[in-house]
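Q: Sequence:
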Amino acid sequence: PPQPPAPTRGRAATASHGTNGAAERSGAPAKSSGRALRQIAQLETRIGRTEAKVAEVEAELADPAVLSDRERLAGAAERHRLLQEELTWLMEEWESLSETVGA
1 PPQPPAPTRG RAATASHGTN GAAERSGAPA KSSGRALRQI AQLETRIGRT
51 EAKVAEVEAE LADPAVLSDR ERLAGAAERH RLLQEELTWL MEEWESLSET
101 VGA
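Mapping to the UniProt record's numbering: the sequence shown position 7 is 7, numbers consecutive.
Quick list of simulated restraints, FRET-style, between CB atoms: (1) Ala59 with Ser32: 36 to 42 Å; (2) Pro64 with Gln42: 34 to 40 Å; (3) Gly102 with Ile47: 17 to 23 Å.
The hints are simulated quantities; they were obtained by calculation from the structure and are not laboratory data. Even glycine gets a Cβ: it sits at the ideal position worked out from N, Cα and C.
Kindly generate the complete structure, drawing on both the sequences and the hints.
A: Now the structure itself:
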C-alpha cells in the first residue's frame with residue numbers, strides 16, 4: 001500500500017526539525033531563537049561564575065581554621081548550600097532553553 005505523505009507542519013515536523021511549528025508559520029523563529037541563544041549565553045556565564053564561587057566556598061570549607069570555628073563553618077556551609085541550589089536552577093534553565101533551540 002502507498003505511504004501517506006510526510007507531514008510538513010505540526011508535531012512531527014517540529015520533532016524532526018527541532019523548531020516550533022507555530023513560530024515557523026508566523027515568521028518568529030529567528031527572533032525567538034536569537035533571544036533564546038542570548039539567554040543561553042547569559043546562563044552559561046552565570047553558571048561559570050557560580051561554579052567558581054562554589055569552588056571558593058569548598059576551599060574555605062577545607063580550611064582547618066574554618067573547620068575549627070563553628071560559626072564560620074556554619075556560614076560557609078550555608079553559602080555552599082545556597083550556591084548549589086542556584087547552580088542547579090541555572091543548569092535546569094540552561095537545559096530547558098537548549099532543548100527549545102536544539103543547541
